[in-house]
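J.: Taken in order, these protein sequences are the chains called A and B. Letter by letter, the first sequence follows residues 1 to 980 of the working numbering. Letter by letter, the second sequence follows residues 1 to 478 of the working numbering.
The hints are simulated quantities; they were obtained by calculation from the structure and are not laboratory data. Relax, there's no trap hidden among the hints.
Covered, in the sense of this in silico footprint (three residues per stretch, anywhere, with C-beta under 8 Å from a C-beta of chain B), are these stretches of chain A: (1) 755-763; (2) 839-846; (3) 851-859; (4) 863-871; (5) 917-924; (6) 937-944.
Where a beta carbon is used, it is the ideal one built from N, C-alpha and C, also for glycine.
What follows is the residue order along each chain.
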Amino acid sequence: MYKKMTVLSTFVLVSTFSAWAWATEPVSFNRDVRKILAANCFACHGPDEKTRKGDVRLDSAEAAFAVKEGHAPALVPGDSAASMLIQRVLSADPDERMPPPETGRTLSDREVALLKQWVDEGAQYEKHWSFNPPVQPALPTVSNPLWPRNGLDYFVLEGLDKAGLKPSPEAPKETLIRRAALDLTGLPPAPELVEQFLNDTSAVAYERAVEVLLASPRYGERWARVWLDIARYADTQGYEKDNGRVIWKYRDWVIDALNADLPFDEFTVDQLAGDLLPDATVDQRIATAFHRNTMTNTEGGTDNEEFRSAAVVDRVNTTMSAWMGMTMACAQCHTHKYDPISQKEYFEFYAFLNQTADADIDDESPVMPCPAPDQQAVLDHLSRRQAELDHKMGLVLAQEQEAFTALERELAVMEATAVRSGGWQAIGPIRGDSPEAIYTTAYPFEQDVDPAKTYDGGLKFAARPELDADSTISLFDAGQGAVLYQRLTSTVAQPRTIQLAANGPFRVWLNGTVIYESNEVRRVRGNADVVPVQFNAGDNHLVVKLVNTESRRTALVNLGPLAAPRAIVAAAEKTAADRTAEDTATLESYFKATGAPFTELRAQQAAINEERKSLLATMATVPVLSELPAAQQRQTHIHVRGSFLSPGDAVTAGVPAAFHPFPADAPRNRLGLAQWLVSMDNPLTARVAVNRHWEKFWGTGIVETSEDFGIQGSPPVNQALLDWMAVEFMQHGWSMKELCRMIVTSAAYRQSAAVTPALREVDPYNRLFSRGPRFRLEAEAVRDQALAASGLLSTKMHGPSVMPAQPEGVWQVVYSGAAWETPANEDRHRRGIYTYWRRTSPYPSMVTFDAPSREICTVRRIATNTPLQALVTLNDPVYVEAAQALARRVIGARPESAAAAIHQIVRAVLARNATDIELKELGLLYENAKAHFEERPEDALAMATDPVGPLPEGISPEEAAAWTVVCNAVFNLDETLTRT
Amino acid sequence: MDPKFDHMNGLTRRHFLGTTMGVGAIAWAALNGVAQAATPANPLATRPSHFAGKAKRVIYLHMAGSPPPMDLFDYKPKLNEFNGKLCPDEMMEKERFAFIKGHPKILGSPHSFKQYGQSGTYLSNLLPHLSTMTDEMTFIRSMYTEQFNHAPAQLLLHTGSARLGRPSMGSWATYGLGVENQDLPGFVVMVSGDKTPDAGKSVWGSGFLPTIHQGVQCRSKGEPVLYVSDPKGMDRDLRRRSLDAINRINEAQYESMGDPETLTRISQYELAFRMQVSVPEVMDISKESPETLAWYGATPGESSFANNCLLARRLVEQNVRFVQLFDWGWDTHGTGPSDDIVTQLPKKCGLTDRPITALLRDLQQRGLLEETLVVWSGEFGRTAMNEERDGSKFLGRDHNPNAFTIWMAGGGVKRGFNYGATDDFGYRVAENPVHVHDLQASILHLLGMDHLHLTFPFQGRDFRLTDVHGNVVHDILA
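Go ahead and model the full structure; you've got the sequences and the hints to work with.
T.: As structure tokens, this is what we get:
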């Protein structure tokens, strides 16, 4: 009911103001028809064959025109009367009529008329507008060629001309500078900049001011906010425990990249695949934390694979949403009902992102250390020491040629007795009634080991190459067990020793006989048991059963040296003449690592390694993407109905067929995917980026649904404008600063935001850009502005997130002991971008102003206007403190009159002098407040000092309190909370 | 225009503008020759329901951590018969446990059961007060969920999805029906037991719905709503004067800029000013009679579940749409006396039995129960087996998503009614299973809303509280 009412009221409006667009022109599939079909028909007659009814498909011309047995074609071009679609929508029989009554949908007379006209005009299908690449249109002829200041203005004016509107006059200079400063830097303009701009009478005064703003480091901080919503950046892991996460290096990377105007294509590639670039820099690897902002679940008993695949799903949805404005989420479970993305294609896309090493592990591995400058200095020093050591190693090697030759002989002897490993395989976890039961039960796969066999219950040995690479394992949870197996091929029959350890009971078989048991609970590192074994010549079969009684779950299964590595033996077996430089280097490094002459130098090497390790332990870290080695890459399957537990057909990495082809020369991995996204052939990436920028300057995008450019999204209100800018953006090297510059220096942007009755009637939502944009400030800017105007704002950049004051009792943590500790220093007054972001309990005043929780990608914040917001800016101690600080500054400047003081306050906040009504009302408020406080000295003291601190000498509490009340009022003006 | 697209436009624009009227209404008024509205409408204005609902308001009592049904409501003599014996193998098949390891043993209930009321409903001796109300209540003994960890299970129960980011039931209620008392938030949340729920504030979040629909956490200690108190040193009179100045300057701003958002802001500041009085007033229980306070076991100025129950009554009395109480401390694993079923469970029952009963009686006596739906639940059930974590000698039960009991009263549900049943061990549902999505569909139904048609477009889909599931449990409706 409620929904219907909304539909009706907006219907009247929208149809009225767009009436000019369709009355006289032929019907267009993209403009008029697709949305009718999409809303009413595609759910049953669209791309998803599983839900398609009656074998009728209306989203493709071929299918709709096809002559099928038993019924008329859905569409007969040029003949609406013969077209089943038209017959059925017009049918009076409720059993025949489409859409069926149970859908609750009905077509209006106008919609039916449009469909009919479209069929009669030939039923021309068109590709969805956003799937065709943008072509830069020529600048149109406009009514007033003097108005445009750059290309985009021609398209705005063309739209106004069509609607019979004239552009609004330019906004006053004071308004312009505040508008541009808030948009570009998220802060009010500095007083010096305002003064300079107001006094600059040259024709390029505004452009000059814009350059100052674009060059300010505050620019990167403000625009990082926008990107961090998309990147779902937060300082905690999410889910139940929502423990802390150290990932602020990524936030700093975004700020710096924006300040450096890193081109959007590089910005894209670095974040999606920086690690895969040749010679990837530390910064490029930090950038890959973009996709490590997914949530990590550290609750007991959860399946890491479940939440790893949830993270990959989130990466798929976020990638498509952020770059291409496509909503993929529904295709996770079934073929998209509207957009041309099948479930298979969803998982082909998923396959690109399914090959990283992270796996919902509590410690967030893999993480990368990021040295601070002083730490880098120590690292550099260590590198110099390393170089010296390498030099000495070289000297020793030169002196020890005799021993080196001896090594070759030793290697030959070792090779004669070598034992070679077939690699670890494992069955597990084994669940039993108790750890003891697992230990004592004789399982078939420990008696009769056959890696090729499938045991009862579908159990099979699986290769675990990571156990060969890293000797500690995490195969199973407490109370479970596992059986490991490997084949060892010995050159001769011989006695040897192997090393093994586990933190619970384990038992070892060789060739079917138990040769060792241990039931000791211990730390495994450095505590390995040395087990004597007798190898047969040829194949030997080593089986180890491990049972985990503790919550810790490690075992050491590195058997120790059984043979020299193949490469070394191969090099040693060649004659000196046959050896390549590589062979020699291999042998030399083996000699250095094992030879007696290097004992002393090896100790030095260990010391350097240890120093480096302990330094790394103190460094800031950042979780990064790291591609699995080819041998460990995962096979991607379709998840039947979206469940990771129901793998369907296997798929390989690929992009949806509806879009441009994957670049022929690009690798089939994340790097190729990133290149595909920023390919000039991509119809969406540039449009989506331009539209998102436009939205931040105008409150609403040219495509209102900036998160959805698909068939269900809203169409662009001025496609020529969008396409012209998108092509400009790409041609100007994807420069985001250039894009911002283009928008803010346009005549359209400079218009006054005042609404006249004519504008209200023809362009009520400013969708024609007939006036300047006016909308509420975003959460961070509301607070940053108050701090900046009062002089409290710290401009300190970068570093760990900070915890500014928030009310007690907001921060309640069930599991970890983490506390919200507000520092006493400038960190309490940092910009909002640096505020600690806990997903399950974000900073309360920001949430009140519509900041998201950052659990998932948010492309667009929807601004609300609520009483709780008023309570924040009126009463939150942060705002009271800002008012107190501003009051003190004003009093400290010794204004000659109350009016002068009011001008000063309004200038600090709004970058302009006070109006007459402000002088009158605020003057009266000051008088009243002063009289009020003179009678209440205690209240005066509280109002003047709590929480900002004791008054400086020479300022009376009544005076300070009264001006605090005035400043508090100015912070709450509609104009203050709005960028106008 | 595509009606769905219109709808989305309408919504986003309305919320972008923050008002159902805003530019739209003014333009509509202009088109229809109607004089401009002097005050813009409130985005929370009362809206008609899909059909006549019996409940106007909801009080949801959530026992966070999840109490063991078989020690309170779900009488299972067989548990005691098999107490201490290894559980049958089939109880472990296809189960994942949070903490139980190896082969667990059946745990009988240390508490006794009796039948009460004309309905002959079984209740344990831990609920002496509630036992007098069974003929007013509907018990559903066949609830189930898929989630066996607290946070996902709480999210599934309150938002319809185990993942974060969806709107909660109370948000859907105010989104669908609006708010009746414009001086108070429409969706109020109170927490007791010293801890917020595991899933944090997301269980009363508004997800992708406009933030105006999120639950407002009220506290019985400290500021009842964040920032509701004026700064120190400012009194009501001075606040009034400063609002007058703000409003008059804002009116001038509207005159020159013509942005209807400015008018909305003026009215929201007025509402905030009224809330500064109405919220502390409704949250102040000191004016309740000593008898009432004693009846609930409430103490003014403290933070307790009893206080929250009394506040819940005061809030629904003021027509607040959705009141949600979370009480922590029911996660009775049996790792020690502070979380077992012998010491901790009776303690929690002692703290809640009286106030809940007082709440039901109080609502009944004031004629509010008929239109107020009271729901009591945990987020899942608990195992029929003793957890014995690390060999603990204290008795406790692990998480069990397969079966649990909830009850409802008032607001259009049957009186003295028992629905559904579990197996002999209270471990799995044996008859008339009710999924949490079915519960959600039923609660919306009682409020007069069809869960299939209460939707919001987001990420290319029409989302609903019940996702793509849920059936109204018609058998429990009066």
